[in-house]
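Line by line, the protein sequences are chains A and B.
Numbering follows our numbering, with no gaps: position 159 of the first sequence is 213.
Numbering follows our numbering, with no gaps: position 46 of the second sequence is 55.
Treat the hints with caution; some may be incorrect.
[As the list claims (entries may be wrong)] Taking beta-carbon pairs under 8 Å as the criterion, some of the chain A residues facing chain B (in silico):
1) L71
2) R79
3) Q89
4) Q93
5) A96
6) N110
7) R112
8) S161
9) V182
10) E185
11) V186
12) A217
[Claimed, not checked] Below 20 Å or equal to it, Euclidean Cα-Cα: the simulated SDA-like pairs (lysine to any residue) are:
13) A:K219 with B:R54
14) A:K219 with B:E53
15) A:K219 with B:S254
16) A:K219 with B:E61
17) A:K219 with B:Y264
18) A:K219 with B:L49
19) B:K176 with B:Y264
20) A:K219 with B:A51
21) A:K219 with B:R47
22) A:K219 with B:A59
23) B:K176 with B:L195
24) A:K219 with B:A50
25) B:K164 with B:L180
26) A:K219 with B:A57
27) A:K219 with B:E48
28) B:K176 with B:H161
[What the hints assert, rightly or not] Short, incomplete list of chain A residues facing chain B, as computed with Cβ under 10 Å:
29) F63
30) F106
31) R107
32) A159
33) V166
34) G188
35) D196
36) A202
37) L209
38) A212
39) R215
40) A218
Keep in mind the hints are simulated off the structure, nothing from the lab.
Every residue, glycine too, gets a C-beta built ideally from N, C-alpha and C.
Each chain is listed here by its residues.
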Amino acid sequence: MAQRSADGFEAHILPHLDDAYTLARHLLGDEHDAQDAVQDAALRAFRHFAGFRGDNARAWFLSIVRNCCLTMRQGRAVDRVTVPFGDQHLAVVRDTDQADSAAIAQSERALVTQALGEMPVEFREVLVLREVQGLSYAEISDIVGVPAGTVMSRLSRARRRLAAKLGMTDKEAS
Amino acid sequence: MQCADCRVLLDAYLDGELAERERVSVREHLAGCADCSRELAALERASALAQEHLVHYEAPDVLKARIASAIAGERSEGGGNSSDTPPERAPRRRAWLLAAAGLLIALASAGLTYAIMRGGNRSQALADAVLASHIRSLQPGHLTDVQSTNEHNVKPWFNGRVNLSPKVPTLDSAGFPLVGGRLDYLDGRVVAAVVYARRQHLINVDTWPEHGPNEGPDSASAQGYHLIHWRSDNVEYWVVSDLESGELSQFVSLYRR
Chain A
55 MAQRSADGFE
65 AHILPHLDDA
75 YTLARHLLGD
85 EHDAQDAVQD
95 AALRAFRHFA
105 GFRGDNARAW
115 FLSIVRNCCL
125 TMRQGRAVDR
135 VTVPFGDQHL
145 AVVRDTDQAD
155 SAAIAQSERA
165 LVTQALGEMP
175 VEFREVLVLR
185 EVQGLSYAEI
195 SDIVGVPAGT
205 VMSRLSRARR
215 RLAAKLGMTD
225 KEAS
Chain B
10 MQCADCRVLL
20 DAYLDGELAE
30 RERVSVREHL
40 AGCADCSREL
50 AALERASALA
60 QEHLVHYEAP
70 DVLKARIASA
80 IAGERSEGGG
90 NSSDTPPERA
100 PRRRAWLLAA
110 AGLLIALASA
120 GLTYAIMRGG
130 NRSQALADAV
140 LASHIRSLQP
150 GHLTDVQSTN
160 EHNVKPWFNG
170 RVNLSPKVPT
180 LDSAGFPLVG
190 GRLDYLDGRV
200 VAAVVYARRQ
210 HLINVDTWPE
220 HGPNEGPDSA
230 SAQGYHLIHW
240 RSDNVEYWVV
250 SDLESGELSQ
260 FVSLYRR
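Chain A extracted, bound-state conformation (with noise of 0.2 Å):
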């Protein structure tokens, strides 16, 4: 029987370890404290599989590694902020429109990433499963423990913002 339940961690947990870390990243932002707080959410996704009973493994999954990052949050006094590096940091761009292409990319690719790094993190948790995990309002109400009215309004403030940081709108609407 705990047999049977561990074979089900392998299958159901093991596949969303990319997701857990995407959004450990965005969360946490160090990669080394990410990689703990997988770990971490990892192991306590095993201990507790036998007494899992719902069907979204993912969505429970994922609500554990949100966990163990506020817990790790929690620990440290700054935000540290990592700007990723694109594909196009080191790519070779050979004519002056693709130059100016990549460049542009890359400062939209700062700026969404900094708008993100300063957005309160319950804003940040919203954007990354909706936008980055492409997860429905009731899942991630079910990650996050809100209702998903919260996660509508949240996202929305999240949107606005980063709307405002790019130029798009005057201001950020309340």
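Guided by the hints, dock chain B onto chain A, whose structure is given.
Okay, now just chain B, sitting in the frame of chain A:
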């Protein structure tokens, strides 16, 4: 519908999360309201930029290996009640097997489809073997036979063990510290594997003598892993890592120098 009522629903409208009746009301309001339409356009653009620029990371090999071994450890501690295993001698061995199984599953979930490469089936099979050997090397205790950050320890270690002396340049200053060396069995022969690191990523360089014209470098990627292959002066080189492909190319150009 008033503008204020419309505004609070715009995100859910954009995300397809509204019930049919609300969706219709919002659509009708948008058709007659330029302000709200502009607002929707800004949200759409913000959403598109977030999707384009926020990175969906791949869990690094090192993390997968750490998790597999932590879970194997957990099992060997708590797994005494399984009836098909003699309690005395099995746990440790079983732990390693399960660690291996964990990695294989992680590997299977990565979906091994290569966007490859000249050379057809043989190259494909070889790339598979190189990648499998890379994954194997990430298991606890498998990475290096000689562990050293000094080329003068690593290079002589291969003498008499393989019939070529692999290149072991010092690349510390470029951010690629040497980790060590290892013998591997690949495609029916013993090969020399030299291991470098980049942050938490590991890079395996597999080399062996192979007669033929100079080739490459060619690159291939499986989801999450990148391989770069070349042949020069009758030596075959395969570089494999989960490092981002641009940085891996940078490594290769430094290594070849």
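Hints violated by the structure (numbers, ascending): Checked against the structure, the hints that fail are numbers 6, 7, 8, 15, 17, 30, 31 and 35, while the rest are satisfied.
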